[in-house]
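Could you build all of it, start to finish, from the sequences and the hints given here?
As you go down the protein sequences, you meet chains G and A in turn.
The working numbering numbers the first residue of the first sequence as 1 and each following residue consecutively.
The working numbering numbers the first residue of the second sequence as 1 and each following residue consecutively.
In short, the hints are calculated from the structure, not lab data.
Ideal Cβ placement from N, Cα and C applies to all residues, glycine included.
The hints are all genuine.
Footprint (simulated), chain A over chain G, 3 or more residues, beta carbon under 8 Å: (1) 18 to 25; (2) 115 to 123; (3) 126 to 139; (4) 147 to 161.
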Amino acid sequence: MDIEVHMGDIAVIDGPHNLITSGVGSCLVVTLYDPKLQIGALAHTMLPLSPMQSTEHDTRLSGSLSSEAPFGRQTCIVAEQVSAKVEDTKYVDVAIDQMLKRMESKGAKRKDLEAKLIGGSNMFPSFNSDIGKDNVLRARDKLKTEGIRIVGECVGGSQGRSVEFSPTTGVVTVKIKF
Amino acid sequence: MENKLQEVNEQAAVNASDALSKLIDRQVEVEISRTEVKKVEDLSPLIGPEEIVAGIYLPVTGDINGAALLIFPKETAFVLSDLLVKREPGTTHKLSELDTSALKEVGNIISGNYLTILSNVLQIKIIEHIPNFSFDMFGAIVSQIITAFAQNTEKALVIEIEFTFKPETFKGYFLLLFELEQFKAMLGSLVGVAGGGVKAFLETS
Chain G
1 MDIEVHMGDI AVIDGPHNLI TSGVGSCLVV TLYDPKLQIG ALAHTMLPLS
51 PMQSTEHDTR LSGSLSSEAP FGRQTCIVAE QVSAKVEDTK YVDVAIDQML
101 KRMESKGAKR KDLEAKLIGG SNMFPSFNSD IGKDNVLRAR DKLKTEGIRI
151 VGECVGGSQG RSVEFSPTTG VVTVKIKF
Chain A
1 MENKLQEVNE QAAVNASDAL SKLIDRQVEV EISRTEVKKV EDLSPLIGPE
51 EIVAGIYLPV TGDINGAALL IFPKETAFVL SDLLVKREPG TTHKLSELDT
101 SALKEVGNII SGNYLTILSN VLQIKIIEHI PNFSFDMFGA IVSQIITAFA
151 QNTEKALVIE IEFTFKPETF KGYFLLLFEL EQFKAMLGSL VGVAGGGVKA
201 FLETS
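Structural data, given as structure tokens:
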């Protein structure tokens with residue numbers, strides 16, 4: 001079963017299910033993967049920088065999917081979707097802080113984490129918009145500051161993307177129009 | 001306000017019908033079959049996020065900042081392109097530059113008519129800018145517009161219009177997004193005579 005992450009949300013997962021998010025334009029998807037623990041996180045961010053830089057206002061949504069698991073075996077809390085409050089994790093910097101917090105609470109070490117960036121397009125090439133580019137630059141900068149390696153990028157251009165992320169393998173699959 | 005919106009819709013449909021009939025050189029009737037006011041975060045369920053659509057985006061400035069976005073599902077864009085460039089029906093399977101240009105012109109006509117009438121009815125200055133085109137996933141197109149709003153406001157007013165070209169029944173969506181606070185201020189004098197959903201929306205937002 002895939003777990004959909006909506007615009008402005010993040011999710012952290014330590015089970016066998018994939019995280020998916022679709023219709024990514026100027027938004028930026030950030031994935032974090034810990035190959036040792038085989039846990040992962042995905043953020044569907046919208047804007048580069050929080051005006052207040054406040055990260056205390058996180059509202060957790062549920063996430064136990066154990067009752068829906070086909071056999072219930074070894075499937076505990078699979079995903080924790082964090083903060084449907086779009087004013088928080090819609091920002092790249094806040095989303096990365098929140099993902100790191102959740103990953104570290106599950107035992108992840110920053111030196112082990114691998115990041116991937118997907119999105120940051122400008123869907124209307126004739127219209128001058130830097131939102132996508134700024135999202136990418138902000139994420140690179142923030143990840144560098146936090147000591148996280150970026151191991152893959154599929155960013156820029158003028159096309160929409162859909163993303164599927166496997167937390168057990170770290171593989172990110174990106175779908176485009178054709 | 002709803003009466004005002006109704007008035008705007010009716011006039012815009014008549015004017016767009018005339019203008020498109022001239023463009024296509026056959027009788028076209030644009031019917032605005034549905035108008036809804038939504039919060040911006042409720043917009044996405046309109047069409048599936050991965051569905052491929054033609055999106056024509058026109059930035060709006062003046063007394064109020066906003067965006068006009070015309071959406072045609074892929075097949076509708078192909079049928080409409082056949083009509084616009086006078087090809088045999090069913091010919092278009094990929095949009096050429098000519099098709100894109102023709103669809104942008106439709107965007108200009110629909111948006112221009114609507115915004116001119118809105119401007120006249122509400123007595124405000126609305127400037128429509130040149131159309132920008134994208135043929136891609138609905139979610140990716142709309143989210144870029146939403147994101148531009150999210151920089152300035154948490155909420156926006158979305159006027160969603162479904163329209164039909166008769167005798168064919170292509171459906172398209174015309175979305176108008178305005179920053180809610182600006183829109184509320186502008187409508188201050190009109191809300192007093194308004195009724196129903198729009199007024200309730202504005203009061204509770």
